[in-house]
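J.: Protein chains in written order, with my numbering: chain A, 1 to 321; chain B, 1 to 248.
Be aware that one or more of the hints could be misleading.
Claimed, not checked - Here chain A is said to cover these stretches of chain B; the calculated rule only asks that three of the stretch's residues, wherever they fall, bring their Cβ under 8 angstroms from a Cβ of chain A: (1) 117–123; (2) 159–170.
Said to hold, decoys possible - Some chain B residues near chain A, calculated using beta-carbon distances under 7 angstroms: (3) THR52; (4) ASP58; (5) PRO74; (6) CYS78; (7) ARG79; (8) MET95; (9) GLU174.
In short, the hints are calculated from the structure, not lab data.
Remember, it's a predicted structure, so these values are computed and weren't measured experimentally.
Backbone N, C-alpha and C define an ideal beta-carbon position, used for all residues, glycine too.
As a plain string of letters, each chain reads:
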Amino acid sequence: MAALVPAIHALLVTTTWMPGIKPGMTTERTGCDVEWLNTILQGVLLGGLYAMFAAGLSLIFGVMRLVNIAHGDLIVLAAYVALVTVETLGINPLTSLVIVVPVMAALGYILQRVLLNRTLGDDLLPPLLVTFGLSVIIQNALLQFFTADSRKLNAGDIEIASIQIGGGLAVGVLPLLQFALAVAVIAGLQWLFYRTALGRAFRATSDDQPVAQLMGLNNAHVFALAMALSLAVVALAGVLLAVRANFDPSIGPARLIFGFEAVIIGGLGSLWGTLAGGVIIGVAQAIGAKLDPGWNLLAGHIAFLIVLALRPQGLFPKVQG
Amino acid sequence: MTSSILTLSKISKRFGAVVIADGIDLALAQGEALGIIGPNGAGKTTLFGIMTGTVPPDAGQVFFDGADITRTTPERRCRMGIARSFQIPQPFGGMTVFENLVVAAAFGGGKRERDVYARCAALLEQCGLADRANRQAGSLTLLDRKRLELARALATSPRVLLLDEVAGGLIEHETAALVALVKEVRASGVSIIWIEHVVHALIAAVDRLVVLHGGALIAEGAPAEVIRRPQVAEIYMGMEDLGIEADA
Numbered sequence: 001m002a003a004l005v006p007a008i009h010a011l012l013v014t015t016t017w018m019p020g021i022k023p024g025m026t027t028e029r030t031g032c033d034v035e036w037l038n039t040i041l042q043g044v045l046l047g048g049l050y051a052m053f054a055a056g057l058s059l060i061f062g063v064m065r066l067v068n069i070a071h072g073d074l075i076v077l078a079a080y081v082a083l084v085t086v087e088t089l090g091i092n093p094l095t096s097l098v099i100v101v102p103v104m105a106a107l108g109y110i111l112q113r114v115l116l117n118r119t120l121g122d123d124l125l126p127p128l129l130v131t132f133g134l135s136v137i138i139q140n141a142l143l144q145f146f147t148a149d150s151r152k153l154n155a156g157d158i159e160i161a162s163i164q165i166g167g168g169l170a171v172g173v174l175p176l177l178q179f180a181l182a183v184a185v186i187a188g189l190q191w192l193f194y195r196t197a198l199g200r201a202f203r204a205t206s207d208d209q210p211v212a213q214l215m216g217l218n219n220a221h222v223f224a225l226a227m228a229l230s231l232a233v234v235a236l237a238g239v240l241l242a243v244r245a246n247f248d249p250s251i252g253p254a255r256l257i258f259g260f261e262a263v264i265i266g267g268l269g270s271l272w273g274t275l276a277g278g279v280i281i282g283v284a285q286a287i288g289a290k291l292d293p294g295w296n297l298l299a300g301h302i303a304f305l306i307v308l309a310l311r312p313q314g315l316f317p318k319v320q321g
Numbered sequence: 001m002t003s004s005i006l007t008l009s010k011i012s013k014r015f016g017a018v019v020i021a022d023g024i025d026l027a028l029a030q031g032e033a034l035g036i037i038g039p040n041g042a043g044k045t046t047l048f049g050i051m052t053g054t055v056p057p058d059a060g061q062v063f064f065d066g067a068d069i070t071r072t073t074p075e076r077r078c079r080m081g082i083a084r085s086f087q088i089p090q091p092f093g094g095m096t097v098f099e100n101l102v103v104a105a106a107f108g109g110g111k112r113e114r115d116v117y118a119r120c121a122a123l124l125e126q127c128g129l130a131d132r133a134n135r136q137a138g139s140l141t142l143l144d145r146k147r148l149e150l151a152r153a154l155a156t157s158p159r160v161l162l163l164d165e166v167a168g169g170l171i172e173h174e175t176a177a178l179v180a181l182v183k184e185v186r187a188s189g190v191s192i193i194w195i196e197h198v199v200h201a202l203i204a205a206v207d208r209l210v211v212l213h214g215g216a217l218i219a220e221g222a223p224a225e226v227i228r229r230p231q232v233a234e235i236y237m238g239m240e241d242l243g244i245e246a247d248a
């Protein structure tokens, strides 16, 4: 981890444009420059979280052409599952991942087998409507059981731990861990898709469902495994979100939007693209917030619109149409 | 019935007013190579759909190795040992040629991936695709797609192989190579049903020929003999003479 820090630092210093800063000028920065550098660094690290939102979404769309409108609410659900786990067992939220990830994966498998597989067909609309309904149900159920109160998970000392990376710049251990996990998740998914039997099953089913069936693949099972994997990523994202910021039952749809924007910026079907998309949204939001606290979300959406206008297919498109 | 590996019993299927099959009985013997011919729209390909489980029959039963598989899913039938090729090749275009085979061999054959690599490489060699193993399947020429179609069906380790118009569009020496390959597969113990409009290729490779017309099997017997029957010549060959080309 420690080795990563100078690398990221060097990358930022040499590759980002900033008024008054040229490569190599790291020792003579003014306080203002450091603030900007810090803003961008925080944005990049936040982008890791958005990339995780996006990766689960992208995976499901890629394998079964299902747009999961409940994705954001499932992230929030995972946060509440973590909350219950932490309060019941008295463990650290990060430790609770050992329980939350399998629980969410199992939920994903069952959800797909029992409900979502029935909605899949030639028409894209039924899965949209059903996951929209699911979104409403999850929000209201959470409201019923946990009230509208804002909650947060406390991860202890790690939350305030930070690493000085010189030049007055410090980076929080937790955001850094979160970003490293996002990179690991995406690298892991990439490896799984292109190097394992399960990944080839995903790709074959995605390519041609009837033919995949004739090659011995049980589509219902393959789809359920894809959803289980997606919700495992969602669980990770949900816990990290809950440690990072306040959450309540209503914040799901906004997470869905961030995830969507990251997927589209990155280009459909490209996993590394979702990381780039997440980082772009994260940096835009951080810069927006720095200029004016009210511009936080707006800046992210504007960055998305600019990419959409200039490069509608996304930065690294893989799926056509 | 004990010696037959795949049996259709009183199979009926219609699409609206079009009768595809009207109480068809057909038995494929263990180790046999059976050819099916018939005019356009006679329902030959639909019979393959009924055998592989993608098309449910309106009535009748399908037996594999003595067991009733009429309601068995396509993926389970594949794992039992029924594989087919498509007239219009349908490779997994986003995957490499080798990966196409690996998926079929691993999931269709119920094996671990690393246990099928050698077999897949051998199949590529056998089907003339060895030098294109790492090409994207979507970028292959039609001939190579047809080869891949066959190789992928074989990769599932079938006991019954259903071939749908694999010789269409091939030139003479390619057809001869295909016939040799089919004979080789058959010699390894695989039973075969082959639908084909390229009749001379079919006659060279099969033991028995049936003619499907109007939802019924109107002729059956030794290929060279069946093809000369007046009713077959009239229904089937006549159409070919008129220049109406292959399709099912």
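J.: Give a verdict on every hint.
T.: How the hints compare with the structure:
1. 117–123: With 0 residues in contact (Cβ-Cβ under 8 angstroms with chain A), the coverage given for the region 117–123 of chain B is violated.
2. 159–170: Violated: only 0 residues of the region 159–170 of chain B have a Cβ under 8 angstroms from chain A.
3. THR52: holds (6 angstroms)
4. ASP58: Check failed: Cβ of B/ASP58 comes no nearer than 20 angstroms to chain A, outside 7 angstroms.
5. PRO74: holds (4 angstroms)
6. CYS78: For B/CYS78, the interface hint holds, since the closest Cβ of chain A sits about 4 angstroms away, which is under 7 angstroms.
7. ARG79: holds (5 angstroms)
8. MET95: It holds, given that the least Cβ distance between B/MET95 and chain A is near 6 angstroms, below 7 angstroms.
9. GLU174: For B/GLU174, the interface hint is violated, since the closest Cβ of chain A sits about 24 angstroms away, which is over 7 angstroms.
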